[in-house]
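Q: Build out the structure end to end from the sequences listed, making use of the hints.
Protein sequences appear in the order of chains V, U, Y and L.
Numbering-wise (numbering that gives the first Met the number 0), the first sequence opens with residue 0 and increments by one.
Numbering-wise (numbering that gives the first Met the number 0), the second sequence opens with residue 0 and increments by one.
Numbering-wise (numbering that gives the first Met the number 0), the third sequence opens with residue 0 and increments by one.
Numbering-wise (numbering that gives the first Met the number 0), the fourth sequence opens with residue 0 and increments by one.
Some hints here could point you the wrong way.
Claimed, not checked - The list that follows gives simulated cross-link-like pairs (lysine-lysine, BS3-like), each with its CA atoms no further than 30 Å apart:
#1 Lys294/Y x Lys266/L
#2 Lys288/V x Lys266/U
#3 Lys110/Y x Lys8/Y
#4 Lys294/Y x Lys235/L
#5 Lys140/U x Lys294/V
#6 Lys110/V x Lys28/V
#7 Lys294/U x Lys294/L
#8 Lys8/Y x Lys288/V
#9 Lys235/V x Lys288/L
#10 Lys140/V x Lys52/V
#11 Lys294/U x Lys16/L
For the record, the hints were derived by calculation from the structure and aren't laboratory data.
There are 4 protein chains.
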Amino acid sequence: MVRDPISFKRIVLFARKHHAHRTVLSCMKKLVNHFNTLNIPILLEVTSSLHYKLNTPVVEQHELDKSTDILVVVGGDGSLLSAASLASEVGIRIIGINRGYLGFLTDMTPKTMLAELEDVLKGQFQEEQRHLLRVRLFDDKTMLMESRALNDLVLGRGESPYLVKFSVLIDNQFVSHYRADGLILSTPTGSTAYNLSAGGPILHPQLQAFAIVPMFSHSLNARPLVISNDSSVQIKISTENLAPLAIYLDGHQAHLAQSGQYLLVDKHPQLLHLLHPNNYLYYDTLRIKLGWGSKE
Amino acid sequence: MVRDPISFKRIVLFARKHHAHRTVLSCMKKLVNHFNTLNIPILLEVTSSLHYKLNTPVVEQHELDKSTDILVVVGGDGSLLSAASLASEVGIRIIGINRGYLGFLTDMTPKTMLAELEDVLKGQFQEEQRHLLRVRLFDDKTMLMESRALNDLVLGRGESPYLVKFSVLIDNQFVSHYRADGLILSTPTGSTAYNLSAGGPILHPQLQAFAIVPMFSHSLNARPLVISNDSSVQIKISTENLAPLAIYLDGHQAHLAQSGQYLLVDKHPQLLHLLHPNNYLYYDTLRIKLGWGSKE
Amino acid sequence: MVRDPISFKRIVLFARKHHAHRTVLSCMKKLVNHFNTLNIPILLEVTSSLHYKLNTPVVEQHELDKSTDILVVVGGDGSLLSAASLASEVGIRIIGINRGYLGFLTDMTPKTMLAELEDVLKGQFQEEQRHLLRVRLFDDKTMLMESRALNDLVLGRGESPYLVKFSVLIDNQFVSHYRADGLILSTPTGSTAYNLSAGGPILHPQLQAFAIVPMFSHSLNARPLVISNDSSVQIKISTENLAPLAIYLDGHQAHLAQSGQYLLVDKHPQLLHLLHPNNYLYYDTLRIKLGWGSKE
Amino acid sequence: MVRDPISFKRIVLFARKHHAHRTVLSCMKKLVNHFNTLNIPILLEVTSSLHYKLNTPVVEQHELDKSTDILVVVGGDGSLLSAASLASEVGIRIIGINRGYLGFLTDMTPKTMLAELEDVLKGQFQEEQRHLLRVRLFDDKTMLMESRALNDLVLGRGESPYLVKFSVLIDNQFVSHYRADGLILSTPTGSTAYNLSAGGPILHPQLQAFAIVPMFSHSLNARPLVISNDSSVQIKISTENLAPLAIYLDGHQAHLAQSGQYLLVDKHPQLLHLLHPNNYLYYDTLRIKLGWGSKE
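A: Written as structure tokens, this is what we have:
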């Protein structure tokens, strides 16, 4: 669709910190050269730490302008996950360039990125709001941690060889007690990641939902549960656990959860404004990425 | 919650046609006696065909008054499924009495029904809207069937011993081609029924969603998919099928689908207004019915 | 391995009855021409019904000589399944040519078949014994059906829209009662077919085992069970079923099973002597067919 | 069955080291008193470390006589797992008393143990051989670890938040490369433990087999595989792993596996001689433990 001309005035590049991948660097150089030639300001987000190789001005988080800047992530879905925190905090629009293989979040390839990005700058794009999880850890009433995740919260065994024990409440209603390897709480965005390997369902990105999936539950009748993302999920770490549990956000260990502590998870108030080229079709990405049948 | 006094003026009983179960009949007699004594009109919905045993006036569909009548189903979840079509067409509120075992839809037991139903008549109840599927079958552009289902649409092999072939489109976007035993398209209400046996996720009743689950897909990477119930699902029966496929709605065979025909499934415009006693808790029902752990 | 010269004296071709596939016919013509030129007798198994197109002498079952004939199936795994009954009855060695796509049972492709088959005739092959199921249906003590299957027995709903009910006993020990869509009882050979779609495990072909997999069991804790193929499995059709169940052997409907009847399934005394080219590797076939990862 | 009188001359009690459970201690005291009265020697295996509370002579491993001693484990399946190493090394017969709840390995309850154990001493028992895994870890050609497990080997992430990478070879044939949370290699005895939570099949205890189950594989078409226990399984830890993987044997962390190392797993030459009371029925235990349906 062609929109009211959104006057993107600056491109801000983002790559994963210390990202050594050659394709990423050569992509970024190509982008810098191209948009320098077009006299469109192109800068590097400061944490990406590649400025010494790119010869580009850097920009810090507080200097970003959500109405006229676009954050262009280079490097695949993992890199976009890393940028999601910053992008949702600032409210800046984000789009992704992969390393040659289609991503769930990064639609543009190095081959087609220049023309596609020019179209995007002209206002020719699809925009969707993706929800993040807000994850808070409490000890009694003291908040010990507050963070966010675009894909998922995984509560895992940590270093314990034993099953872990926890209870789940949704909107203050007791759901169940579990003995399991852990629990995955996933957004629609994360539903095609770890959640899918664990037997969870695919959630359409625009479904206002979370998926809750117990991991290798001792009880054979545990099943994935999908709830509204207006709900608040409380996970109480049983006092019977002998060792702390590990909390992973988007695959990175964020904290330990001790016996007796509890997690509160809900929809983060700050959204991710994810852009796609105009020819983006969700179900095409899904079918291609999962190897689903395309013909009779 | 106590509401604005909803002035239920009449109780309309419903039982499955020719339902021979003794508990059902004795329940209904108890209800008739009790509310006759209280001078609250109690009638029998005409298709229930038990009036010769109940000595109660019967009422036909067009005589129902959705603002002052309440439809009381006796007999378990299967009976409530049978009444859902009538209730959603008329727009009448519905509540269920089981045969002694907690149901997902029928919360009241024969033991507690009299007091609980009196409370409901006084306006002390929980009310929720449950969506039904609207299922239409087309041959080219001619509509061959239009029907509704509270739980699910199952597209199955019919009498064919072979895998069936079909394609799924959502909102006119091609999703995938399947070779499988069939497909289950379920509402949240149906998510704890056949969908669950087939590996589909549990959807909270208030989630605005459908689950789509291929049955025993030949392709090992087929997975359950959950989409918004604002979406429209098209299922195209491949012309390569040698025999017609069977369409089941809420477990009853509704029609045959020939090669080349297609189904259109979306949210039915008419809702089911399902009531529960005030002490109803969804997750308690879920945990009890599925045998989930209640203590550490 | 090079064996004691097995003096295969005749090639007997087999194709599925009325098999119209072009590749199959052209393959068979190529085989006939090639081995006619080499003066190696090549005949057509009579039920294949293609002699009018092949100009080849036909041979009937009783004329087959298991010590000097080799049965060459053309057409893929389904065709080899069709030939398995005959081959195991006669005790003749069997080998398969596919239609260009690797099969689990048919290893040779049209491109390489001539050289590979010459090697096989010279005694350069791998030979393995595959067990078949012996399936018998009883009414009280009267045997109503006796048949065999190389892949699987499927007990299914037949035309009933309802769950079916049956009990399983193994070696006369009661295992469980089931309410389900049906049951799959699979050999190792069949474990990569329907069993796999239904969540059953892959059994190595030389494992002396059967897999028993309930289909969409109402009970969520039903699980696949693998037992010794020295065991005898009894499946009792509950008298509560309202309609007959359908018995499928290797995907073909073989019989109806009425309420109160029972099936006895064990290892058939007659084996299938399946040959492979010398370069055959089971795990390569498995990995390629299932799309498993071949590199880091 | 009544056997040739096996002249068990001594009972050797075993409990998990430092096992504080009250039922266990009271059970053991009851056993000691009972068999003291009968003048049947009853001793305590030395590592059980409860002699100060039991007033019973202790016996060390080298003093055990496999032909006339019986090892009686008190405390449930976990305790029997702990005793399996000792019992299989010595070759002594083993039997288990649970803490009131039926176990897969511990059939006798505190209530019935005295009479049942007397019968066993008289030679009235069922005996079965259970295979253990032999697990060896190699660095190039140096063996770093050799151990055994009755239930399972689990190769897990260790402390790494990332998927781990490894390849599996069976009998020196390459099977597949995996990116996953890990791998479970289970005996029939272990098939109802962690393997079952992870989607693996139940293997009958007398099936000569192992189950190999990838955990949360990134690839959606990974499936459980069952092979003969005459096979040798090699698991190569990919050099791409950034952190060591953890090796768990019967749920206890045994070692770390570094990138480039490999595991060799096969059937241990020493068996476990497991006894059951004469009325033991495997499928009854299975049905009761898993909550399978017992009636129509």
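Q: Take the hints in turn and mark each one as holding or not.
A: Right, here's what the structure says about each hint:
Taken as a hint, the Lys294/Y and Lys266/L pair is honoured in the structure, with Cα atoms around 28 Å apart against an allowance of 30 Å. Under the criterion of a C-alpha separation no larger than 30 Å, the hint pairing Lys288/V with Lys266/U is consistent with the structure, at around 29 Å. With a C-alpha separation of about 23 Å, the suggested pair Lys110/Y and Lys8/Y falls inside the 30 Å cut-off, and the hint holds. Simply put, Lys294/Y and Lys235/L have alpha-carbon atoms about 12 Å apart, close enough for the 30 Å limit, and the pair holds.
For the suggested pair Lys140/U and Lys294/V, the alpha carbons sit about 23 Å apart, so the restraint of at most 30 Å is met. For the given pair, Lys110/V sits about 14 Å from Lys28/V by alpha-carbon distance, which is consistent with the 30 Å threshold. Only pairs whose Cα atoms come within 30 Å are accepted, and Lys294/U paired with Lys294/L is accepted, the gap being roughly 27 Å. Proximity of Lys8/Y to Lys288/V is assessed by CA-CA distance (about 51 Å); at most 30 Å being required, the pair is judged violated.
For the suggested pair Lys235/V and Lys288/L, the alpha carbons sit about 27 Å apart, so the restraint of at most 30 Å is met. Simply put, Lys140/V and Lys52/V have alpha-carbon atoms about 47 Å apart, too far for the 30 Å limit, and the pair is violated. Proposed proximity of Lys294/U and Lys16/L is supported: the alpha carbons are some 28 Å apart, at most 30 Å.
Violation of the numbered hints given earlier is confined to hints 8 and 10; the remaining hints are satisfied by the structure.
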